[in-house]
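Undergrad: Spelled out, the chains give:
2 protein chains.
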Amino acid sequence: MIIDCHGHFTTAPPQLSAWRDRQVAAIGDPVNAPRPEDLAISDDDLRESIEPHQLRLMKERGTDLTIFSPRASFMAHHIGDADVSRVWARVCNDLVHRVSTLFPGRFAMGAMLPQSPGVDPATCVPELRRAVEQLGAVTVNLNPDPSGGRWTAPPLTDRSWYPVYEAMVELDVPAMVHVSTSCNPAFHTTGAHYLNADTTAFMQLLQGDLFADFPDLRLVIPHGGGAVPYHWGRFRGLAMALGRPDPMTLLDNVSFDTCVYHQPGIDLLTSVVPSRALLFASEMIGAVRDVDPDTGHHFDDTRRYVDATPGLSPADRTAVYATNAERVYPRLQLPDSCGQPQQVTLPETRFTGDQQSALIGPDDHRNPLKRVVLTHTLHLRPPLGE
Amino acid sequence: MIIDCHGHFTTAPPQLSAWRDRQVAAIGDPVNAPRPEDLAISDDDLRESIEPHQLRLMKERGTDLTIFSPRASFMAHHIGDADVSRVWARVCNDLVHRVSTLFPGRFAMGAMLPQSPGVDPATCVPELRRAVEQLGAVTVNLNPDPSGGRWTAPPLTDRSWYPVYEAMVELDVPAMVHVSTSCNPAFHTTGAHYLNADTTAFMQLLQGDLFADFPDLRLVIPHGGGAVPYHWGRFRGLAMALGRPDPMTLLDNVSFDTCVYHQPGIDLLTSVVPSRALLFASEMIGAVRDVDPDTGHHFDDTRRYVDATPGLSPADRTAVYATNAERVYPRLQLPDSCGQPQQVTLPETRFTGDQQSALIGPDDHRNPLKRVVLTHTLHLRPPLGE
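Just so you know, the sequences run in chain order L and W. In this text, residue positions in the first sequence follow our numbering: the first is 1, and each later residue adds one. In this text, residue positions in the second sequence follow our numbering: the first is 1, and each later residue adds one.
Everything labelled a hint here was simulated from the structure, so no lab data went into it. Treat the numbers as computed from the prediction; the structure is a model and nothing was measured. Glycine included, C-beta positions come from ideal geometry on N, C-alpha and C. Careful: at least some of the hints might be erroneous.
[Claimed, not checked] Stretch-level coverage of chain L by chain W, calculated; a stretch enters the list once three of its residues show a Cβ under 8 Å from a Cβ in chain W: (1) 143-149; (2) 179-193.
[Claimed, not checked] Between beta-carbon pairs, the in silico distance windows are: (3) Ala315(L) to His297(W): 29 to 37 Å; (4) Asp294(L) to Glu60(W): 21 to 29 Å; (5) Asp83(W) to Pro36(L): 53 to 61 Å; (6) Pro310(W) to Pro126(L): 49 to 57 Å; (7) Asp38(W) to Pro154(L): 34 to 42 Å; (8) Asp290(L) to His297(W): 36 to 44 Å; (9) Ser313(L) to Arg129(W): 32 to 40 Å; (10) Asp83(W) to Asp290(L): 45 to 53 Å.
[To be verified] One side of the interface only, derived from the structure: several residues of chain W facing chain L at Cβ under 7 Å: (11) Trp19; (12) Leu195; (13) Pro264.
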């Protein structure tokens, strides 16, 4: 079982961007704004946008399930106002929900939020609830810089973000901290802004005390944590200088993904960050789509690096590929080996002593996709992966 | 011979910050602005600020010479206007010049520039010339974001920066690309802004064609290149996607320093970046001053990591510790083994064929410290370091 926790719908049918162009053109001109129902994308369109692309690569690479959210660079929260973002988030979320239902067991939905610069993040909570409760999202993408490279929002530890965190904790979904397109010419979107945001977010968390207020909150920092694991000694030293706990303590609540596109980078990541805080991911088909001429394989075929890295034991690799994701994304509905959704019911006798007893069986949560809570996954199935 | 290419005057006598406070308080009130000559710091004050701090640590760690510039976080180009920056740069540069003359052979001067947000970088050229020609600076610090975390300046490839580059090439000095204090609450200065700037600058260079216009321009990206070496595969893939040459080609003009404060980070750096593009540095006494409880040594004692890394051969290590710096900073006046400035005159017969012939002997350059050009250093002395 291999779960890729970081995929975006980068191959959406062109009707989507055409609809967005009309929406942007109609900013300030609501009479000409397109309606969500004007977007005509058939199920066959969706299949054609997925099967020869993400699904083909998943099969080639042996990835079972991808957590799949709207295209990050298209979120573009800096465009228009909160109402523009509200409609756009709804359209994009509905589309990835359809993908997740067309390919059950292959794609689990992640949602975007209708953020807007200078607008109270609490305004995102209704769409967050809709995405999780009605569409089956298992996570959301949270943009720490809805201004698109101007960085006008307060740090993630600011109380203005708390209504989002409260809803996340209540709904038991994590967030991936992920910016969108940079409209600042200083920052290339995928070459600078994405990595900078990862580093920035981690440092904000190091400076603050967010997880004292939200001990159950879980955040995923993508792209291998930006610069953080490479500079782990710096962050440890800064924590000491600031009178903060060692950054390792943040890893009870923060995970890094493995979107690092060469072997030495993955080797560094796995040597520095404990496996419990690593989630397998590729972000394919994303920023880097070419074949590395030195290896003959795609840069973003991160499974090769994770398989080859000496920093992971077989048990570590199982954690990185699957069981960590089951813990971080408890709403994940996991397929069995035939690729079909699995309903797990275990004999209660497997759990003894202080182990939790009430974790078995489907839990509806008003979710159209039945939810299975797997907090003791190592008891629930044979070792995965390898 | 070990050259540390990245030191700042972080231990300047308190009179300096008091003078700066008066200068900042008098913004908009020029009558009460302090004059540069109001700053009273004696030579003994300077010795006391250096000997028990940087010089003690240099001796303990076996570093021979530090390239020493004004404190990066104090540059604060976002404060006041170009005139405020002009006077402040002059004061700070004069002070590091005095340090370099009080400790000959131990500290070589780096200069700050009087940048100011929204102001033409060409206005920095007179202070750049003064620092190099009159004060003996061997390099300058170039701030890609004088706004202090708002990132309002155009990329480093923009033609507005060209007058600075033209002067640098004419004077044969490199620049370290180094931001200053972040006044943006999203960015911790040393935990996010510095690293983000390194990543951002490299990506700007990857997108542009700066070194086609300035083949002799040399830039140093500090803090181990920010996130770049850790994500080297990403940058290679992005270069392909953008139709740009492999990022390795940038390393003819760009060097990374070794300010990465743990062994795995240095191991990654030396395994990914060829030694010709690495410059030893510690940035001590800087952002991270504590002792790593896991090792019992200072986090910023980078010599330990560079000595221990398997990624460098003895010849590579010599390059990283010294000979690369001689190439990147040709105005460096190198001490002999007794710590005194060295005047090197070689028999011309050592050079034959297509080797340069006019490189021997002091070259004044209107520099009060005599300059020795050592472009064939491997001929000039026995192997260094180790």
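Undergrad: Please go over all the hints and tell whether each is borne out by the structure.
TA: Structure-based check of all given hints:
Judged by the Cβ-Cβ criterion of 8 Å, the stretch 143-149 of chain L is covered by chain W as claimed, because 3 of its residues qualify and three suffice. Check on the stretch 179-193 of chain L: 8 of its residues sit with their Cβ under 8 Å from a Cβ of chain W, so the three-residue criterion for coverage holds. For the pair Ala315(L) and His297(W), the beta carbons lie near 32 Å from each other, so the given range of 29 to 37 Å is met. Under the hint 21 to 29 Å, the C-beta atoms of Asp294(L) and Glu60(W), about 41 Å apart, miss the expected range.
Remark: the range hint 53 to 61 Å for Asp83(W) to Pro36(L) is upheld by a beta-carbon distance near 55 Å. Our hint of 49 to 57 Å for Pro310(W) and Pro126(L) holds, since their Cβ atoms are close to 54 Å apart. For the hinted restraint 34 to 42 Å between Asp38(W) and Pro154(L), the CB-CB distance of approximately 39 Å keeps it satisfied. As the Cβ distance of Asp290(L) to His297(W) is approximately 41 Å, the hint placing it in 36 to 44 Å holds.
Range check, Ser313(L) to Arg129(W): about 59 Å between beta-carbon atoms, so the 32 to 40 Å window is missed. Separated by about 49 Å at the C-beta atoms, Asp83(W) and Asp290(L) satisfy the suggested range of 45 to 53 Å. With its C-beta approaching chain L no nearer than about 26 Å, Trp19(W) sits outside the 7 Å limit, and its interface hint is violated. A hinted interface residue such as Leu195(W) counts as satisfied when its beta carbon comes closer than 7 Å to some beta carbon of chain L; here the least separation is about 5 Å, so the hint holds.
Annotation: interface hint on Pro264(W) holds; nearest CB of chain L at approximately 5 Å, less than 7 Å.
Consistency note: the structure conflicts with the earlier hints numbered 4, 9 and 11.
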